[in-house]
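Visitor: The whole structure should be built from the sequences, with the hints applied where relevant.
Protein chains in written order, with my numbering: chain Y, 5 to 282; chain E, 5 to 282; chain X, 5 to 282; chain L, 5 to 282.
Hints are all accurate, no fakes.
No farther apart than 27 Å at their CA atoms in a straight line, the calculated lysine-lysine pairs in the DSSO-like style are these:
1. X:Lys210 <-> Y:Lys236
2. Y:Lys147 <-> E:Lys193
3. L:Lys23 <-> X:Lys193
4. E:Lys81 <-> L:Lys236
5. E:Lys210 <-> Y:Lys236
6. E:Lys77 <-> Y:Lys193
7. L:Lys57 <-> L:Lys77
8. X:Lys30 <-> L:Lys193
9. L:Lys147 <-> L:Lys135
10. L:Lys34 <-> L:Lys147
Don't read these hints as lab results, they were simulated from the structure. Predicted model only: the values in this text are computed from it and were never measured.
Number of protein chains: 4
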Amino acid sequence: MEEVISEGDDVLLYLSGDKRWLVKVKVDKKVHTHAGYIEGSNIIGKRYGEAVKSNLGRNFWLLKPTVEDYVLKCERKTQVVYPKDMGLIAAKTGLTSGSIVVEAGTGSGALTMFLANIVKPTGHVYSMELKEEFLDVARRNLKRSGLLDYVTLSLGDASQGFGVIDADVAVIDVGDPWRLVESAWRALKGAGKIVSISPTMNQVEKTYEALLRTGFVDVECVEVLVRSMQVKSGATRPSTRMIGHTAYLTFARKVFGDEKTLKEGDTESIGVVSDEEG
Amino acid sequence: MEEVISEGDDVLLYLSGDKRWLVKVKVDKKVHTHAGYIEGSNIIGKRYGEAVKSNLGRNFWLLKPTVEDYVLKCERKTQVVYPKDMGLIAAKTGLTSGSIVVEAGTGSGALTMFLANIVKPTGHVYSMELKEEFLDVARRNLKRSGLLDYVTLSLGDASQGFGVIDADVAVIDVGDPWRLVESAWRALKGAGKIVSISPTMNQVEKTYEALLRTGFVDVECVEVLVRSMQVKSGATRPSTRMIGHTAYLTFARKVFGDEKTLKEGDTESIGVVSDEEG
Amino acid sequence: MEEVISEGDDVLLYLSGDKRWLVKVKVDKKVHTHAGYIEGSNIIGKRYGEAVKSNLGRNFWLLKPTVEDYVLKCERKTQVVYPKDMGLIAAKTGLTSGSIVVEAGTGSGALTMFLANIVKPTGHVYSMELKEEFLDVARRNLKRSGLLDYVTLSLGDASQGFGVIDADVAVIDVGDPWRLVESAWRALKGAGKIVSISPTMNQVEKTYEALLRTGFVDVECVEVLVRSMQVKSGATRPSTRMIGHTAYLTFARKVFGDEKTLKEGDTESIGVVSDEEG
Amino acid sequence: MEEVISEGDDVLLYLSGDKRWLVKVKVDKKVHTHAGYIEGSNIIGKRYGEAVKSNLGRNFWLLKPTVEDYVLKCERKTQVVYPKDMGLIAAKTGLTSGSIVVEAGTGSGALTMFLANIVKPTGHVYSMELKEEFLDVARRNLKRSGLLDYVTLSLGDASQGFGVIDADVAVIDVGDPWRLVESAWRALKGAGKIVSISPTMNQVEKTYEALLRTGFVDVECVEVLVRSMQVKSGATRPSTRMIGHTAYLTFARKVFGDEKTLKEGDTESIGVVSDEEG
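Guide: Okay, here's the thing in structure tokens:
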């Protein structure tokens with residue numbers, strides 16, 4: 005059934021390109037833009053997908069925000085993880101409704117929102133952050149997106165433990181991920197997946213070593229590049245500028261192996277990633 | 005609680021690198037590899053994350069397959085969508101538990117598995133395919149991964165309609181996506197998202213035009229590149245070879261606009277993607 | 005022998021990063037920068053590689069400009085070809101001292117400078133341009149870089165002929181390159197190389213067809229991406245932003261083949277580029 | 005004047021795609037291919053750009069080899085530098101006819117050929133190599149391409165000095181480039197350019213530090229990616245596979261600065277590369 009927009013609903017007002025506003029609709033509030041204002045009372049009762057006109061006669065589309073819109077429009081105190089990286093994290097960890105996730109480095113909560121949106125309603129994200137001011141921002145972002153019920157935020161150092169066991173996925177988004185590898189190991193169930201998000205090669209090297217030492221296999225490190233295309237009939241081309249780098253993503257899976265077992269096996273080739281990656 | 009492996013469970017036997025086998029465990033079956041065989045009876049009763057030895061003394065890790073493992077190991081008759089592309093589709097459509105998805109071009113069912121894994125248990129994927137032989141393959145792949153319950157497969161031409169309304173997301177993975185844009189529009193709810201997957205620029209151009217003509221806005225076309233890194237302390241570098249191209253992904257959102265409304269608004273700039281894309 | 009800087013010499017005053025000034029030194033002229041001014045009399049008599057101080061005590065290095073500096077600092081009326089693309093053009097056409105080059109689309113003369121710098125002193129670049137205002141800019145840029153002696157600039161439409169025969173290389177940098185393919189064929193010697201520079205896929209397609217039709221083989225189309233690295237001990241990473249696209253480069257070699265010969269041979273596979281390209 | 009092929013000339017026999025043979029023509033020799041053989045006597049007297057038929061009636065084009073052909077077809081004992089990287093080296097060092105180049109790490113001589121082809125006839129490349137067997141290969145490759153006259157090959161460790169002063173460009177292609185930075189500094193003229201070619205990040209970091217310490221400024225590190233396009237009317241797309249990484253290229257310019265001068269200036273920001281790079 006088509007959804008009708010009511011008081012208090014979130015709407016993405018879309019004019020064109022990146023001219024878009026994520027707002028909570030209130031009957032007696034105007035939304036102001038450079039292309040005029042829109043009365044809340046004109047929005048309420050419309051369906052998502054319909055248009056309204058601003059007082060200047062400009063056409064705004066009423067779109068239902070997706071989790072990507074909440075991510076891109078979130079209040080931020082920190083560099084947030086990009087949708088391109090979020091997507092690969094979902095694809096490679098096998099995240100699904102019901103998954104239990106531990107996260108270190110809540111930051112502004114952008115990735116937390118994305119994770120919660122996939123694991124809900126029966127799964128849960130336990131997210132830890134060292135700085136209280138970030139937690140406050142993350143809480144506001146999660147509340148706004150309606151995902152706070154699926155997240156437990158806590159202040160603290162995840163290297164002391166996540167306070168969770170049998171997690172399906174551990175997500176590490178801090179500056180010194182290698183310090184948290186042991187905690188993540190303890191929080192994960194057997195064969196659970198870990199992903200670490202780091203901008204520099206040197207962080208990747210240290211984390212990689214910590215993973216192999218602690219009891220992880222199938223270690224793989226990738227980076228994701230997204231190119232946008234300018235599509236125009238007869239003149240299609242890639243866009244002139246692009247994001248050249250955000251972060252390396254390092255994935256691995258927990259095993260129950262003491263050093264001896266790992267050495268006996270094929271440790272020498274653990275972590276050898278195949279040369280091609282799609 | 006740690007999961008104990010039982011008769012009939014799926015296990016990813018992991019030796020190293022891309023030497024890995026996805027098997028259904030049976031007590032009286034041996035798994036044969038180039039590094040020896042493993043007795044099913046040795047696997048049953050172990051936890052995921054533990055190791056078993058082959059008759060040649062090689063160490064195999066018992067991993068719980070993720071949806072990515074099912075995708076990479078699926079039986080295939082067609083080019084399958086890559087995890088890198090699946091991830092961005094999930095991130096940009098806002099796919100979540102409970103989403104209703106229509107898909108045209110089931111192919112081998114790899115993307116179908118991925119979609120079903122996220123929308124389950126309350127959501128559903130309605131997937132259409134023109135060729136019966138592909139549907140048979142897809143059905144086997146979905147059954148093996150335990151996701152068939154969340155998918156309705158049907159033989160037919162989606163340009164005649166999906167037989168579904170109020171879908172959240174439409175996924176088009178066929179050679180002539182522009183032919184299906186109208187059907188997708190009818191199947192989607194207002195503001196619902198569409199994504200089309202095409203290897204060539206020319207397919208993108210035609211689809212792009214069909215989207216704008218039919219009643220979609222926020223049209224955006226990107227491609228995803230993944231580079232894998234060879235991590236080694238003191239000698240880290242990107243891998244020598246990589247996948248250079250799989251497909252362009254074109255995203256848009258359904259609006260209720262006849263041509264007149266679209267023209268009155270800011271149609272001239274609809275689909276202008278911002279120059280940078282993360 | 006170390007070169008001593010004299011009146012009238014060009015110097016690249018290098019402060020740091022992209023803070024650099026390309027100037028002609030005059031004994032009685034000051035060079036003004038945001039970090040103070042430098043007296044011309046302080047520069048004259050110094051060697052390239054030495055430093056001078058501005059009146060504010062800041063250190064400026066006296067560097068000898070390379071052709072890349074002239075390209076990056078040239079006066080421009082048009083989008084200029086990037087060093088990354090210039091480099092591949094040199095590498096793939098086998099440009100060398102003594103080469104005869106015809107160029108269509110002088111633009112601001114940036115690429116012309118680069119070509120002239122390699123073919124000099126015995127080679128020559130014959131460059132045609134439709135717009136007189138561009139030719140004036142190009143002439144000034146070539147004069148400043150000391151390369152004008154190796155270039156003949158002319159106003160006109162290269163589709164009417166370059167007025168040159170037996171050229172080694174033809175460079176086409178115009179919006180409708182397919183129109184010039186025949187002229188280029190006539191200007192080139194047998195087995196001579198052509199390169200066409202175009203931002204859009206559609207230009208590439210049309211040019212590609214014109215090349216095959218006119219008598220070119222070994223047609224190959226590539227694009228070059230350059231990523232810059234931020235190097236810092238223990239924190240090395242690719243830069244956040246990069247140029248996502250400038251142009252596609254299409255290369256081919258002239259043959260003496262009428263359509264019949266071409267058809268008899270392996271025409272069907274002409275232009276099949278191998279799947280990997282370094 | 006069109007060149008007529010004579011006894012002893014080099015010809016690239018081009019069938020299609022990467023089916024091509026680089027041969028020295030002899031009147032009484034046959035060239036054997038999977039598509040039949042071609043008589044030397046049929047080639048002699050023809051012009052470059054003409055075709056000959058094999059005994060099986062297949063059409064082969066007679067192309068004049070460029071330096072790229074010699075590079076791609078050279079005898080190799082080592083990983084050779086790719087045309088994409090060679091091109092950027094030429095573009096960023098300002099290499100020109102008459103340049104004096106010192107090179108460490110001759111390897112198979114592929115890059116040496118490319119450098120010699122640009123600096124000839126009045127310039128020269130002084131190339132050092134530690135392994136005699138590589139020098140022998142390089143000498144054969146240079147001789148075959150007709151470029152040996154412009155190169156001096158020597159056996160030895162360049163860290164002990166190149167035996168050259170006032171070079172315009174230093175090219176370092178060894179596993180431990182940081183060891184050679186001082187020698188290169190001594191060999192270069194003031195403001196001369198150095199480029200170091202290394203596959204790993206860690207080599208780049210060490211070299212970077214050595215450059216800053218020794219007296220180089222404008223340090224810049226990039227990598228070049230080339231994507232090939234499959235052009236076909238109405239179905240153009242990037243190729244499926246590509247080379248994901250060959251080497252990082254680190255460029256810098258020599259200055260006469262003791263540590264004190266460097267510190268007084270803007271050392272803290274030396275080597276800060278701008279965020280975008282074309």
